[in-house]
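The residues making up each chain are set out below.
There are 2 protein chains.
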Amino acid sequence: MPNFFFGDKKDDKIILEKEETTHLKVIKKNIGDYVEAITGDGYFYRTKVIEINKKNSILSIVEKNKSKKEYFPKIHLILGMSKWDRMRLIIEKAVELRVQSVSVFKGQKSNQNYKSVEKFEKIIIETLKQTGFPKIPNFNFVDLYDTKKKNTLVLDFEQNIDFKTAIESIKDQVNILIGPDLGFSKNEKEFFKENKFDIVSPGDTIMRFETAAIYTLSTINFIKNRL
Amino acid sequence: MPNFFFGDKKDDKIILEKEETTHLKVIKKNIGDYVEAITGDGYFYRTKVIEINKKNSILSIVEKNKSKKEYFPKIHLILGMSKWDRMRLIIEKAVELRVQSVSVFKGQKSNQNYKSVEKFEKIIIETLKQTGFPKIPNFNFVDLYDTKKKNTLVLDFEQNIDFKTAIESIKDQVNILIGPDLGFSKNEKEFFKENKFDIVSPGDTIMRFETAAIYTLSTINFIKNRL
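Chains as they are written, first to last, in this note's numbering: chain A, 0 to 226; chain B, 0 to 226.
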């Protein structure tokens with residue numbers, strides 16, 4: 000499995016912060032050695048180590064290659080705030096399954112209230128490094144009621160359209176809306192009904208919330224030959 | 000999400016061990032109350048609590064219903080010993096995605112050597128309870144070299160047949176062979192080649208080992224309309 004260094008690009012250099020610098024030392028890289036780096040901008044960088052300090056290190060860019068793979072249709076995952084281990088799992092798998100963006104909302108039944116994007120971005124970057132992908136997905140907090148009906152599939156038990164048909168009908172873009180782990184409130188379900196959202200269920204079999212999300216992302220990738 | 004009690008069936012009674020008895024007390028069930036129970040035999044039991052002791056409790060069976068759902072094709076997951084958190088995750092998701100059996104082998108690159116089935120069975124039972132399924136999948140340790148070519152798909156990067164075609168061609172039964180997390184050894188790969196195993200890759204995108212497994216199980220369920 001590849002492991003890329005993740006840093007900040009400044010002109011023709013990439014700056015690694017403390018944690019990445021430690022990793023550089025752990026794998027015994029010295030000044031003059033070559034390493035692969037990503038910065039989240041869609042490019043793979045081949046670089047040469049030119050400085051290793053206590054708190055950071057500096058890589059000089061030798062070669063720049065654009066990621067060849069385009070992941071299409073575009074997937075936007077919208078996720079209700081849930082227990083951290085489950086959130087972490089879904090976001091990790093969503094990045095591996097190459098979603099283009101992730102939004103998180105506080106549902107009425109959410110028993111968590113995350114305020115900082117940092118811990119989410121840390122998981123995203125860790126997964127990009129380990130699975131060799133150079134483009135960082137967008138991440139933000141949203142209000143559930145700002146979600147538009149168009150191109151959105153809500154995952155819930157009380158479906159109103161067929162899962163398979165819905166997955167096969169996806170065109171250029173899809174929003175997958177799920178959770179939180181404790182489910183949607185009565186008001187939230189009414190919002191979906193009043194606004195005629197497409198509601199799908201991955202099957203009669205009871206799945207945990209995170210499994211339903213990973214299952215759905217997997218099937219979209221398979222049907223659309225996306226990976 | 001349902002939560003069933005898991006116990007041992009003895010005639011028309013179900014015996015709950017200590018941990019399940021504690022759970023019974025936590026949710027404040029008393030003698031005379033009704034609870035739902037499973038024993039792994041394929042039936043859902045409606046029961047009445049007749050004894051609550053320190054170390055166990057006894058439920059009397061009131062009604063017995065067979066699980067209506069048959070999961071077909073049958074899936075047998077064969078998994079290389081890997082880090083525990085990854086093993087745990089795959090087995091949990093495999094049970095949710097209703098595999099009929101799980102086998103675990105020690106690959107040459109496995110850095111773990113599990114000897115006891117107990118910790119595996121504990122995860123399996125926990126997942127059955129939480130996702131309401133009454134039939135316990137088989138679990139055992141196997142030798143990789145005892146795997147037969149017939150009906151087996153090996154998940155690896157160096158595929159020799161098309162993933163989509165392979166998934167669509169599955170008939171009554173399939174063995175999904177994967178891992179360990181550090182990959183197959185040279186000898187193991189030669190064994191697959193010499194014996195002409197079908198080797199598939201879920202895509203060009205690099206996935207972690209557990210993600211490839213969950214992705215593959217998801218696609219089989221979707222294509223075969225299995226859940």
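There could be a bad hint or two in this list.
Identical chains share a label here; the pair holds if one copy fits it or two copies do between them.
[Said to hold, decoys possible] In silico PhoX-like pairs for lysine-lysine, Cα to Cα no more than 25 Å straight-line:
#1 Lys114 - Lys195
#2 Lys128 - Lys17
#3 Lys54 - Lys105
#4 Lys188 - Lys134
#5 Lys65 - Lys82
#6 Lys149 - Lys118
#7 Lys185 - Lys67
#8 Lys63 - Lys188
#9 Lys163 - Lys73
#10 Lys73 - Lys53
#11 Lys68 - Lys82
#12 Lys8 - Lys223
#13 Lys27 - Lys108
#14 Lys67 - Lys163
#15 Lys149 - Lys82
#16 Lys65 - Lys53
#17 Lys149 - Lys12
#18 Lys9 - Lys53
#19 Lys128 - Lys108
Calculated directly from the structure, the hints in this document are not laboratory data.
Now for the hints, and whether the structure bears them out:
| no. | hint | in the structure |
| --- | --- | --- |
| 1 | Lys114 - Lys195 | neither (30 Å within a copy, 53 Å between copies) |
| 2 | Lys128 - Lys17 | within (16 Å within a copy, 44 Å between copies) |
| 3 | Lys54 - Lys105 | neither (36 Å within a copy, 41 Å between copies) |
| 4 | Lys188 - Lys134 | neither (34 Å within a copy, 33 Å between copies) |
| 5 | Lys65 - Lys82 | neither (36 Å within a copy, 33 Å between copies) |
| 6 | Lys149 - Lys118 | neither (30 Å within a copy, 45 Å between copies) |
| 7 | Lys185 - Lys67 | neither (45 Å within a copy, 29 Å between copies) |
| 8 | Lys63 - Lys188 | neither (48 Å within a copy, 34 Å between copies) |
| 9 | Lys163 - Lys73 | both (18 Å within a copy, 21 Å between copies) |
| 10 | Lys73 - Lys53 | neither (40 Å within a copy, 56 Å between copies) |
| 11 | Lys68 - Lys82 | neither (33 Å within a copy, 30 Å between copies) |
| 12 | Lys8 - Lys223 | neither (33 Å within a copy, 46 Å between copies) |
| 13 | Lys27 - Lys108 | between (48 Å within a copy, 23 Å between copies) |
| 14 | Lys67 - Lys163 | between (29 Å within a copy, 22 Å between copies) |
| 15 | Lys149 - Lys82 | neither (28 Å within a copy, 42 Å between copies) |
| 16 | Lys65 - Lys53 | neither (31 Å within a copy, 65 Å between copies) |
| 17 | Lys149 - Lys12 | neither (42 Å within a copy, 53 Å between copies) |
| 18 | Lys9 - Lys53 | within (19 Å within a copy, 66 Å between copies) |
| 19 | Lys128 - Lys108 | between (33 Å within a copy, 22 Å between copies) |
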